[in-house]
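Undergrad: As a plain string of letters, each chain reads:
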Amino acid sequence: MIAAYLVLLIPLIGIVYFALAGHRTDTGKLNIRFNGANFLATIWLAINVLNQGTIISSGKAFLIDSFNVYLIVLTAFVGLTTSIFSSPYMAHEKEIGKLTDRRLKLYYSMFQGFMLAMYLVLTTNNMGIMWVAMEGATLATVLLVSLYRTPESIEAAWKYFILCGVGIAQALFGTILLYYAAVQIGDGENALLWSVLYENAGQLNPEILEIAFVFLLIGYGTKIGLVPLHNWLPDAHSEGPTPMSAVLSGLLLNDALYAVVRNKMLVDGATDSNMAGYLMMGFGLLSFLVAAILLHRQKDIKRLFSYSSIEHMGLMTFAFGIGGPLATFAALLHMTVHSLTKSAIFVTVGHAAQLAGTQRIDQIRGLIKTQPKIGWGLLIGTIAIAGFPPFGVFTSEFLVLLATMRSYPWLAPFLLLGIGIAFAGLFRHIQPMVYGDKPEGQQAIKANLWPVTLHLALVLWLGLAIPGFLANWFSQATLLISGSMPL
Amino acid sequence: MNIGQLDFYTQAILSMAALVGLTSFLMLGQGRLLRLIFVFAMQGFLLTLTTAVAAYSLNNHHLYISAVLTFVLKVIFIPWMLRRQVMQMNMHRDIEALKNNTVVMLGGASLMVFSYYVLHPIVQSSSVVMLNALAVSLSVVLLGMLLMISHRQAIAHVVGFMSIENGLFFAAIVATNGMPMVVELGVAFDVLVAAVLFGIFFLHIRTSIDSLDVDQLNKLHEVDQ
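Chains as they are written, first to last, in the numbering used here: chain A, 1 to 487; chain B, 1 to 225.
Please keep in mind that the hints were generated in silico from the structure rather than gathered at the bench. Bear in mind that the values here come from a model prediction, so they are computed numbers and not experimental data. Note that the Cβ used here is the ideal one computed from N, Cα and C, for glycine as well. Hints should not be assumed to be uniformly reliable.
Stated by the list, open to error - Partner residues are not named here, just some residues of chain B that face chain A (Cβ under 10 Å, in silico):
| no. | residue |
| --- | --- |
| 1 | V86 |
| 2 | M87 |
| 3 | V158 |
| 4 | I164 |
| 5 | A194 |
| 6 | V223 |
Stated by the list, open to error - As a list, the in silico DSSO-like pairs of lysine-lysine whose alpha-carbon atoms are at most 30 Å apart:
| no. | chain 1 | residue 1 | chain 2 | residue 2 |
| --- | --- | --- | --- | --- |
| 7 | A | K299 | A | K446 |
| 8 | A | K373 | A | K98 |
| 9 | B | K219 | A | K159 |
| 10 | B | K219 | A | K299 |
| 11 | A | K98 | A | K299 |
| 12 | B | K219 | A | K105 |
| 13 | A | K446 | A | K369 |
| 14 | A | K94 | B | K219 |
| 15 | A | K369 | A | K98 |
| 16 | A | K98 | B | K219 |
| 17 | A | K98 | A | K29 |
| 18 | A | K159 | B | K99 |
Stated by the list, open to error - Every beta carbon over 12 Å from chain A, so not counted as near; a handful from chain B, in silico:
| no. | residue |
| --- | --- |
| 19 | L14 |
| 20 | L22 |
| 21 | L26 |
| 22 | G31 |
| 23 | F38 |
| 24 | M42 |
| 25 | L69 |
| 26 | V72 |
| 27 | I76 |
| 28 | I95 |
| 29 | L98 |
| 30 | A109 |
| 31 | L119 |
| 32 | V128 |
With the hints as constraints, model all of the structure from the sequences given.
TA: Now the structure itself:
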């Protein structure tokens, strides 16, 4: 259990330290160390869970089971590699005069603040605290979206703040309804604990829980970026600094989906109908198709990949909605590979944008000729995210398709159509950026691409052969969520 | 349901629900910012009162802490901060011409009916009083959203945002006698941080577009134009 406390304590120290110490030249490196230490702590936690099974802390405040522990490790890993990328990137942004020391201080402090909120969402056993931490993640990142203080970035941050704030308020109403159903059967202070709710799910009033789930899905769905609540997402991703886009896409969206799935488990336990599943399938499929179409009409490279995030989150929501062991396994795998691939892509995109001096797609040209590493990184990343074999995204998308054909065969054509449209949408933009002649005067820049290589290698590995312990882990989590083992 | 037969606490909750609902409608039709902020503070005060009554009737001490928190945050700090912004921007004489005021009010009334419709299934498992209280809370949340849609000033948006929070708080008090203490403290912390961030944002928006009219924040589009 000490490991779990350590995971929360390290970022807390980070926030305070960075806020007090101010910005120095080595702050970026220190940020890497904080995230590195936390990654080690999460590994320790994972080993504990592997040996002992589900851990509940003594005051029942924290719950670590096979479902959230792999997300915790993933969060720490993406946080670490992003901080490695962010250190030289932010230094470069300061050199070209886009940022000052004070704003960098805010950036590093809030980077740790965001990580703390993410860990708290994942580790807490209390559905109310989960909401508080989710809102905390918005509050920590909202000033980072407007870090450059351009009119566009302020507009994006305002939109992000208002839309996510109002959206997530619905989730609080859902949580209150959940609590209302829970106090009717149990004691007050413990009634919001997930472990208690889960044990007594059969006794909870199904009507109240169904209403509650609608509010919870809308609330957390705003954070997932489900259509039609997705408006803030492309703006926030494109106007903020690139490391922020990487963690927002790779971590925040996953954690919001995690919150929805936790609530779905309660609702499924209380009702006989598959209402929660159908709602998630509907919203998921709609997001998947709409985002795939919108990919075609983007002019900004970061907006392009934000829509791709919405598309993939839609697919995961859809897969969790189908339920069943195969679909759940696929969704868990997809969460992992999407998070790894998308953060790698945002890192590459950040370098590409610095290279070209703009984020506009029609002005980024000839990346392979200027700097082959960045060009190939972007190309391979896009191939991976579009779902080409042998990358992991292919495996998980294939499994989702398989599960759909088994349970709802008439929905399979829609999935195939969406995958096709998204593929075309990505490549019509990527192809001229990567190939083609380089514009005059475009110079290679200092770029650190080994986080990208590492992420993509992992995704490739997951596509070729999922290592035994990881497969076992996913199976345990699937058992927990869907009630039976996959395959 | 005969009002006279209910105990004092239930009667108090019902009247409070009615008054909180009324303040939401008052805010909806208000074009003057200072009055809007005043009504918002009134709503906060009603919440404090509700919490105190609940704490007294149920003999629940942690609700007194919630009552104090609500009073400090929603009656003093947030209205004070917003009022200061209005004065600094010299907007206290402006009257925002609300488009389609009648339609907005009618929309508000339909939202209230809609709230009763959505929450009707819970009557089976609890009292009619609970339905009233929860439905009013939900309609305060929805009216807060409508307020944000119908007003153009950033300050009005913040008032709407915070009144959504009021609706949620009211639901938590009357339906469940307050959330567990840790959660309530966490929510109060979030509200406080949000209020401070709004203050920072006003500054940024003012330096960026020289006004707090959010209709001018229109540079970003879903697809290219």
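Undergrad: Which numbered hints are broken by the structure, listed smallest first?
TA: 1, 2, 31
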